[in-house]
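> As you go down the protein sequences, you meet chains Z and C in turn. Per the working numbering, the very first residue in the first sequence carries number 1; after that it's consecutive. Per the working numbering, the very first residue in the second sequence carries number 1001; after that it's consecutive.
Simulated from the structure, these hints should not be mistaken for laboratory data. Note that beta-carbon positions come from the ideal geometry of N, C-alpha and C, so glycine has one too. Don't take every hint at face value.
[Claimed, not checked] Residues from chain Z shown here face chain C by an in silico Cβ test under 8 Å; the list is partial: (1) Leu-43; (2) Phe-89; (3) Leu-106; (4) Gly-109; (5) Ile-186.
[Said to hold, decoys possible] So the derived label-pair ranges between C-beta atoms look like this: (6) Lys-1050(C) to Tyr-315(Z): 51 to 59 Å; (7) Gln-1099(C) to Ala-34(Z): 37 to 45 Å; (8) Gly-92(Z) to Leu-1032(C): 30 to 38 Å.
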Amino acid sequence: MSSASDLLERARSGNTRSIARLLTIVENDEPDAAEVMRELYPLTGTARVVGVTGPPGGGKSTLVSRLAGAYRDRGDRVAVVAIDPSSPFTGGAILGDRIRMRERFLDQGLFIRSMASRGHSGGVARATMRVVHILDALGVGTVLVETVGVGQEEVEVVRVADTVCLVTVPGLGDDIQAIKAGVLEIADVLVVNKADRPGADEAVRDLAMMQSLGTRGGSGRQRGLEREGSQWRAPILRTSAFENTGIAELMAAIARHGEWARESGEQDRRRRDAARAEVETLLREALVKQVTDRIGPAAVDAAIARVAARELDPYAAVEGLLGA
Amino acid sequence: MEVIYTGVHQTPEQVVETALQEDADAIGVSLLSGAHNYVFPRIAELMKEKGMDDVLLFGGGIIPEEDAERLKEHGVERVFQPGASLEEIVTYLRDAVAQKRGG
C-alpha cells in the first residue's frame, strides 16, 4: 500500500481509486486519518452540503439521483454519500442505494459512496462528517448526504448538512406521526415526493399542520412567509422523482435557504456546532485513551467488573480510575 | 461484511467504476445469461487497467466447468456453481480477501 502523501497527490489529480482509499481511511479512522485530515482540512468549507432524509420508501434515492443529475447539468462536481443501517445482529449491511442511481454510474463528475451506519451511536455521524470534509477539500461543489430518517441517529447525521431536506410521500396518513418531532424541526425544506400520486394535497396539509404546531412566535411564520428577519420557515415542495418534476423548484428552495443561512448567520452557527461536536468527540476519545494507556486496560476492566458485581458504584469507579 | 448491491444488468464498466468508488475489497458477479466468457475477462481487463490488483474477482452462476477453468486464467479466482452454500461462499470470501489485502 502506498503512503498517505502519495494517495493525497493522486486524489488531488482526480484519481478515483485514491479518492476512494482516502474516504475509507477517514471512514474507518485508520492511523493515516490524522495526516489526511491535516493536509485536507484547510481546503474545506466551499462545498454546498445538502442532507436528504425521511422515512423508508419515500423515494429518497431516486430523488437524490435526480438532484445529482440536475447539479451536474449546471457543471458542479457532485458527490453522493448514501447511508444505510447495519444489522445490529451481524454488523453486516446491504447497501442498495446505488440501484436508483445506475444511470449515472459512468459520469466522471459524480462520485457515489455507500456507507453503513455500523451501529455505534453517533459514530456514523462523525464518519460522515470526515467523508464530507475529504470530498469538499477535493473540489466537489455539491455533496448530497442521504439517510433513512426516523430517529436520533439521523438527526445527528444531517448535522453535517448546510441544508436539510425531509422527504415524505402521500398516503402515509397518520404514519406521518412517525416523523418524529425532532426530525421535522431540523428540516429546512419539506418535500412531498411522489406528488403525482393521490393524497399529495393531504400530505402537504398534514405537514403544514405539524409545522404550525411546532411554530414558536414570529408573525411571518403565521402569514406563511418563508423568511422573515432571522427566521426561516421550511417551504413545502412537491416533487415526482419518477416523472422528474419539481426538481428545479427544489434546487431553487435549497439555494434560497443557503442564501438565508449565509446572511442570517445560521450557516456560521451550524458550522461552529459541527466543529464543536467534532473536536469534543476527538478530545473525549483521546482522553479516554490517555487514561487507559496510563493505568492499563486491566485496571479499567477490573473496575467495570466491580461495578457489575455491585461492589462499587459507577461514579466511585471513575473517580478511582482517574485518581489511580 | 458490507455488501453494495448495484442491481441487475450492469456493464463491466459500471461494475468496475462502482468497485473503484466504493473501495471494494472484492467484486462478485452473478451471471446466468451465458455471457460469462465476455463479461468476466472484460472486468478483469478493466481492473488491471485501473491497477486494482488487490481486489478479488469472483463469481457464480450457470457456468460450465471448462469455462470456469478458463476464467481462472483470466483472473476470476473462484466460480461458484448453482447449489453452493452461503457458508461455503462466506468462508471463502473471508479467507481470500484477507489474503489479497494483507499480502
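> A separate judgement is required for each hint: does it hold in the structure or not?
Cross-check of the supplied hints:
1. Leu-43: violated, 20 Å
2. Phe-89: violated, 13 Å
3. Leu-106: This hint holds: Leu-106(Z) lies near chain C, its Cβ roughly 6 Å from the closest one there, short of 8 Å.
4. Gly-109: violated, 12 Å
5. Ile-186: violated, 27 Å
6. Lys-1050(C) to Tyr-315(Z): 51 to 59 Å: holds, 55 Å
7. Gln-1099(C) to Ala-34(Z): 37 to 45 Å: Violated, since Gln-1099(C) and Ala-34(Z) (Cβ atoms, about 29 Å apart) do not stay within the stated range.
8. Gly-92(Z) to Leu-1032(C): 30 to 38 Å: Given a distance of about 25 Å, which is not inside 30 to 38 Å, the answer is violated.
This entry does not satisfy hints 1, 2, 4, 5, 7 and 8, going by the numbered hints stated previously.
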